[in-house]
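What follows is the residue order along each chain.
Number of protein chains: 2
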Amino acid sequence: MNRMKWLSLGIVLCSAIVGISRADEALEKDAQDPNQWVLPLGSYSGIRHSKLSQITTKNADKLHVAWTMSTGTLRGQEGQPLVVGNMMYFESSYPNFVYAINLDNVGQIVWKFAPEQDKFSPSVACCDLVNKGVAYADGKILVTTLDTHVYALDAKTGKVVWSAQNGDPQQGQTMTMAPLIVHDKVIVGISGGEYGVRGYLSAFDLKSGKLVWRANNVGPDADILFDPVKTLDGATGQPVGKDSSLKTWNQDEWKLGGGTTWGWYTYDPQLNLVYYGSGNPGTWNPSQRAGDNKWSTALIARNPDTGMAAWSYQMTPHDAWDYDGINESVLTDSVVDGQTIPTLTHFDRNGFSYLLDRRNGKLLRAHKFDSTTNWAKEIDLKTGRPVLNPDKMTKEDVNVKDICPAAQGAKNHQPASYDPKTKLFYVGTNHICMDYQAFSVKYRGGFPYVGATLSMFPADHGNIRGRLIAFDSVTGQTKWAVNEMFQVYSGPLTTDAGVLFYGTLDGWFKAADQATGKTLYQFKAPSGIIGNPMTYMHKGKQYIAVLTGVGGWAAIGLAEGLTKGTEGLGAVGLTTSLSDYTNLGGTLVVFSLD
Amino acid sequence: MNRMKWLSLGIVLCSAIVGISRADEALEKDAQDPNQWVLPLGSYSGIRHSKLSQITTKNADKLHVAWTMSTGTLRGQEGQPLVVGNMMYFESSYPNFVYAINLDNVGQIVWKFAPEQDKFSPSVACCDLVNKGVAYADGKILVTTLDTHVYALDAKTGKVVWSAQNGDPQQGQTMTMAPLIVHDKVIVGISGGEYGVRGYLSAFDLKSGKLVWRANNVGPDADILFDPVKTLDGATGQPVGKDSSLKTWNQDEWKLGGGTTWGWYTYDPQLNLVYYGSGNPGTWNPSQRAGDNKWSTALIARNPDTGMAAWSYQMTPHDAWDYDGINESVLTDSVVDGQTIPTLTHFDRNGFSYLLDRRNGKLLRAHKFDSTTNWAKEIDLKTGRPVLNPDKMTKEDVNVKDICPAAQGAKNHQPASYDPKTKLFYVGTNHICMDYQAFSVKYRGGFPYVGATLSMFPADHGNIRGRLIAFDSVTGQTKWAVNEMFQVYSGPLTTDAGVLFYGTLDGWFKAADQATGKTLYQFKAPSGIIGNPMTYMHKGKQYIAVLTGVGGWAAIGLAEGLTKGTEGLGAVGLTTSLSDYTNLGGTLVVFSLD
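Chains as they are written, first to last, in my numbering: chain A, 27 to 620; chain B, 27 to 620.
Calculated from the structure, these hints are not laboratory results. Incorrect hints may have been included.
Any copy will do: because identical chains look the same in the list, a pair fits if it lies in one copy or spans two.
[As the list claims (entries may be wrong)] Lysine-lysine pairs mimicking BS3-like chemistry, simulated, CA-CA at most 27 Å apart:
#1 Lys565 with Lys138
#2 Lys544 with Lys565
#3 Lys403 with Lys505
#4 Lys55 with Lys182
#5 Lys182 with Lys550
#6 Lys84 with Lys408
#7 Lys544 with Lys77
#8 Lys55 with Lys236
Throw the hints in and build the complete structure from the sequences for me.
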């Protein structure tokens, strides 16, 4: 190699390093600025708390709609906008339009991205055609689409910088999650747990879109990027050992093993670990898959640069209830037995909150956050395993009744909020139970691989299906709970002024007092809310923005146009009355004081 | 007949008469109550003016969004809600959902009607899948659907009382207009002028849904319900004579004669006459249809009980520009030559405002309300006919350039408002011109029978496509004009406090000072506005409600998902930049002061 070649290579390497450093640091710095909202969850820690305090418990009743914008789509809006500097970016439900708005002139759309999509993908999306939003880094907007594409768009122009394909809709794979950018990696997952998809996390290079690593959650060690010696099992505190996943499946069932990755991801820069949860094991019929089915329904910590797993903790070994473990891990400090330690709090579909030492996955506390939870009596802190209630174990061809929570979970993907001042979590929860009958199912690519019929109903057989709670994940105490008619499927936002924001499935956007849960202000939004309010400051004024647009699994009957009289059908029956209160339709609604 | 039979018949007749009287009188009475909005245009006279005055020029800047509701549909929302007592009713674009809301509890939908529709109908709707709203009478909500059904719903329950079919989508017939109820008749029309449909007005019995009469606008006297002796021609002041329509067509072309009836209808209880306009003649290629093509592009007054025409006045004989005459007739008193007489004011697509004596159709005044109008120099008051500009006459295979206004009209269907205090009309207008090339076309049922290609553009070749004007239909003077970037396709509402409300195609809802047109308040709505604001009072508070949701012919490119690069296509090219400002999506938005 001649000198010029070396020199030019040196320049490239150098600028690449500088570039990486800038993107990463800029994002971390911007994430500290309460005027902006640069990460899908607002921060790497996922606390969904803002330091803004212009809207207070005293003036929240003076809130008003500042401006609005239709998403141009009817299906459920699960995400939230980003605000980067003067610009707002958001993504609609399928067909996944992405919009850029200059906050100085909200009457105009700076650019719109309308991806060409594989028309097959809507037919294999289990639970509405949703999307959890875009990510930003280094002048790019990162987008996932239902047909498993990842796009990097120029944030200024909306032009495609690169695109990559992360899956195959023909095999039941889809994408609905928001990417997480760490260093120079775009981290995304895959959906399709109901189609026998074997889940994975992928990291694409931020600059080029090239796949850097991919880690499955079930399968051989080489696939799952688990080191038998170095990767720890949070339940035992021991190394996972060889074939930690393989040996928990009968024969080749792991190949259809589920453990998808459609939830939220968080990141600890100090430990350099990304945290996420894996979904239910493949087929909902537990009789077809003896064993723990590791590492489905587990929390996993990985090095973002290499994908190698530092530790894993399985919440629901041999999940027999579709207790998909994808819910977010919120990273905070907690005082446990007098010691302040870096923890991870995870509200699982299975009805338990988990408090782990996020350095090693060690289970510190586990509490029922919905008291009706009955599939397990408790989580044994010594073994890290649930103490099962044999009456509620499902099996092929038996209709097991009154299991709590239902498959939709005591909480689904709607992200929780944590206020560092009160040290409490504010969680949108479900309050629902189910009957569950497993049946034998054969795999065929691109066809449902479910293997169970369900019927869900309100836990108290009344008209309460959800609750907003303020919860202490160390003590397990519920400070307060507010009942809602439907599942609370919108992720709360807390703020330094003690005002909390969330939405309801029947279309009320609410500001509540964090101290009591009492509603301070409410507004009847165009549609039910499964999106997550965020906040930003523009020209000295605090705004709260939320995507309204009912849908998702919570409102799948409405989303799919299934009408009354279909009460028996899984999650559909739970919310047939929802059509008495709201309507499909995606709209961004932005609030402020006058 | 025995005595009992006579007696029972007597009772039936009696109650029928009482019933008729009640429905009719109640509606007239309710229409006088400014707290309600019981007729699509607010009143039989169509003035779209409210006596409410809580929102003033002083406090209008304090307006806020009170509540919202998605229509559940994406296509253009052309209508407006009704308010009857405590209830609000409105209809969405296709698939024509109808909603009932109790104003005491706007969080809940009292009932929703979702008609089963002929799936073929969307493919033959020329100009988006719109609807102009429901009507009310006698405890029933009257609904038209795109697939040409008329439904009478129980206003309390939404249950179908009766349904009737008024056309055949397979032949290109659709329905988008709001019904008008007069006495015991439900008066509706038909769309499909671009499919060779021969237009008619139908009257269904309010109680039973039976067709009582149907009057074509072109064809034999027996079809058009014109009396050669009694029916007057407004242009000449003379009886129309025998075969007044037939003799103005070559051969059988009248059978495909157009003259559809998709606009607004008004009614004068004193004269007992219903007023409406007829659409363009069949095929836009004038060379295929020599003659005046009567009674297309005409205003017609009919007896609502019998359908018989009292008079007719043709605005655009031998229409060679698609100057469809369906725009509304606003019924007021006017001082003409010192005499106060009952008049009808009609702002036509062809760029002229027409002032007629509504007793006999006599033309009193005609003025250009858009000064660029150049297809005719003037309307000769003596002959009642336009003085044509031969340069702008279109003919087969000639591309005639720079015709003003464009086919979309100097004003389209968006209804005007009239303030009895100022005696001015407030009109949303278009400011657009076109090139027009006719071509030969053969009829085939259910296929377009258009016969012209068009290209529309802003009249001044700039960025102004619409204007809101305050206009005197007697003097022809424009008191003021406010420019808008796009066609003003929302019907203004005036109020006794001198505040005017309208919406823009790019999504701004505006309150303006009627004295100047100056904006007092504006709000960025979820989507562009082609609906018509209405107002009502509930529990002492004045509300303004508007259906937002861009579409219609004005925004057909956006509605049909046609993207940039299609600038050549008729009306599409006119508004390709609209996607830089707004998005599809139907939402009811309701405003009030705090």
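Verification of the supplied hints:
In this assembly of identical chains, Lys565 and Lys138 lie within 27 Å of each other by CA distance solely inside one copy; the values are 24 Å within and 42 Å between copies. Proximity of Lys544 to Lys565 under the C-alpha cut-off of 27 Å is restricted to the inter-copy arrangement: shortest distance 26 Å between copies versus 30 Å within a copy. For the homomeric pair Lys403 and Lys505, the shortest alpha-carbon distance inside one copy (22 Å) is at most 27 Å, but the shortest distance between copies (78 Å) is not. When the C-alpha separation of Lys55 and Lys182 is checked against a cutoff of 27 Å, the pair qualifies only within one copy, where the shortest distance is 20 Å, while the shortest distance between copies is 58 Å.
For a Cα distance limit of 27 Å, the shortest separation of Lys182 from Lys550 across copies, 23 Å, qualifies, whereas the shortest one inside one copy, 34 Å, does not. In the homo-oligomer, the alpha carbons of Lys84 and Lys408 never lie at most 27 Å apart, since the shortest distance is 46 Å inside one protomer and 70 Å across protomers. Proximity of Lys544 to Lys77 under the C-alpha cut-off of 27 Å is restricted to the intra-copy arrangement: shortest distance 21 Å within a copy versus 40 Å between copies. Taking the closest pair of Cα atoms, Lys55 and Lys236 come within 27 Å of each other only inside a single copy of the chain (26 Å); across copies the shortest separation is 72 Å, beyond that limit.
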